Amino acid sequence: MVILVFGQLQDITGTDTLHIKQVEGKKQLSDALFELFPRLQETKFVIAIDRQIIDGDAPIGPNACIALLPPFSGG
Amino acid sequence: MENALVYDRYQRQLSLKGFGLEAQQKLLHARVLVVGAGGLGCPVLQYLAAAGIGQLGVVDPDRVSLSNLPRQVLFSDADIGRQKVDVVRERLQALNPALQLETWPYACDAAFALDIFPHYDLVVDTCDNFPTRYLVNDGCWLTGRPLVHAAVSEYEGQVAVFNLPDKLGIPGLHYRHVFPSAPSPGEVRDCAEAGVLGMLPGIIGCMQSFEVVKVITGIGEPLRNRLLTYDTLRHRQLVVNILPASDAFPEMPTSAEDYLRFDYGHFCGLPQYAGIEVEASVLHPDMRIIDVREPGAWPTIGLVHEYIPLSQLEGVLQLSPGEEVLFVCRTGRRSLQAALLMKERFPLSRSYSLKGGVQSLSSLKKTILP
Numbered sequence: 001m002v003i004l005v006f007g008q009l010q011d012i013t014g015t016d017t018l019h020i021k022q023v024e025g026k027k028q029l030s031d032a033l034f035e036l037f038p039r040l041q042e043t044k045f046v047i048a049i050d051r052q053i054i055d056g057d058a059p060i061g062p063n064a065c066i067a068l069l070p071p072f073s074g075g
Numbered sequence: 076m077e078n079a080l081v082y083d084r085y086q087r088q089l090s091l092k093g094f095g096l097e098a099q100q101k102l103l104h105a106r107v108l109v110v111g112a113g114g115l116g117c118p119v120l121q122y123l124a125a126a127g128i129g130q131l132g133v134v135d136p137d138r139v140s141l142s143n144l145p146r147q148v149l150f151s152d153a154d155i156g157r158q159k160v161d162v163v164r165e166r167l168q169a170l171n172p173a174l175q176l177e178t179w180p181y182a183c184d185a186a187f188a189l190d191i192f193p194h195y196d197l198v199v200d201t202c203d204n205f206p207t208r209y210l211v212n213d214g215c216w217l218t219g220r221p222l223v224h225a226a227v228s229e230y231e232g233q234v235a236v237f238n239l240p241d242k243l244g245i246p247g248l249h250y251r252h253v254f255p256s257a258p259s260p261g262e263v264r265d266c267a268e269a270g271v272l273g274m275l276p277g278i279i280g281c282m283q284s285f286e287v288v289k290v291i292t293g294i295g296e297p298l299r300n301r302l303l304t305y306d307t308l309r310h311r312q313l314v315v316n317i318l319p320a321s322d323a324f325p326e327m328p329t330s331a332e333d334y335l336r337f338d339y340g341h342f343c344g345l346p347q348y349a350g351i352e353v354e355a356s357v358l359h360p361d362m363r364i365i366d367v368r369e370p371g372a373w374p375t376i377g378l379v380h381e382y383i384p385l386s387q388l389e390g391v392l393q394l395s396p397g398e399e400v401l402f403v404c405r406t407g408r409r410s411l412q413a414a415l416l417m418k419e420r421f422p423l424s425r426s427y428s429l430k431g432g433v434q435s436l437s438s439l440k441k442t443i444l445p
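Listed in order, the protein sequences are those of chains A and B.
Heads up: the first sequence begins at 1 in this note's numbering, then just goes up one per residue.
Heads up: the second sequence begins at 76 in this note's numbering, then just goes up one per residue.
Treat the hints loosely; a few may be bogus.
[Stated by the list, open to error] So these bits of chain B aren't anywhere near chain A, every CB distance computed over 12 angstroms:
no., residue
1, V81
2, Q86
3, F94
4, G111
5, D196
6, L243
7, F285
8, D306
9, R309
10, I364
11, S386
12, Q434
[Claimed, not checked] Residues on chain B that point at chain A, a partial pick, calculated with CB under 7 angstroms:
no., residue
13, T201
14, N204
15, Y230
16, E231
17, G261
18, D265
19, C281
20, T304
Treat the hints as calculated values from the structure; they're not laboratory data.
From a predicted model like this one, the values you see are computed outputs, not experimental measurements.
Glycine included, every Cβ here is placed at the ideal spot set by N, Cα and C.
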């Protein structure tokens, strides 16, 4: 599955687009991401699934659009 | 303003399908408060003033510095060292003399938010740091003001509209529904550390000011409860819906009393003295410089300044309201003590401590001071 990575999270993932093995839910996705990139655990970001920011766990369909969004501070 | 002049000046907006006189009248009667006259604030202020917003308020504590100029396009080389809000006043009044303008040359804090936000129809967050972003968000929530948010990072920007009720009066969500708590210091680099090209805040600031116009006039669909992230390098754009977070926000003040007591610096993991420790680049020729080392200390500063050792400071120094003083020592530790002491004794003065001490001053003074 494809994950779009925004902002300074790209410093951790090394890319703006990640390809990882399909997972079934948000919780499973963050576990997989933390295993691949342990530094993400110390970083604030939200996971958007199909253009929705959902609090808590949520299912992820086969062709879901996934994005990792960090907060920005600059102005 | 006379009607004929309104027609002439705003002719292109009046003839725009779906906009017209009714929308223009709404702009002319709108009061918009802009928090921060930096990279985002400059285009926001410029375009809102040009479009005919009736009243603009601007709050910003900073003075124009050389490194502002590539992106803060309201300011010129000759403005270096001047209070930003003074330059903003000059430029915007020249651009649109009918504009009502209020300016405050200090940082937006909780007392300011409670006092001033209610006098404005909406607030635009164009600041450059997390403590102020959370403070503005919480202030808008407490005072019931819609908030048009934007922020930038390297080549990307975010825009959102928070706290805007829908047509049925259902309240909008706020920034904490996306990011309930602040990142720790150093986790997210700001423009000073990470760098930025001026066009980015230009683009994002224009998107932000467009959202202001949409909220005021009711045209189109503002980014209510939605977060736009725009990546200028690849032209990737993502708009996501924000759903209400199920958790309450234990770290969010819920009353004016809580709000006034809430320490946003601490909430964002900053030490208590954020804003007091400053870089040498804030120096300007009118600033009083006081060396708090014991007499005969080395290296010398090489600038016009006074010597008052820290041990004698309290009995000797009197500061008037608004007076700006930069305390200097070898490392920045004693001067921090001095600045904190004077801040406590003269709360209306602006006491600063030079971060990094004399060393950081000598490297910059050649370029900053005549």
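Requested in this report: Determine which of the earlier numbered hints do not hold for this structure and return their numbers in increasing order.
Outcome: 4, 8, 9, 15, 17, 19
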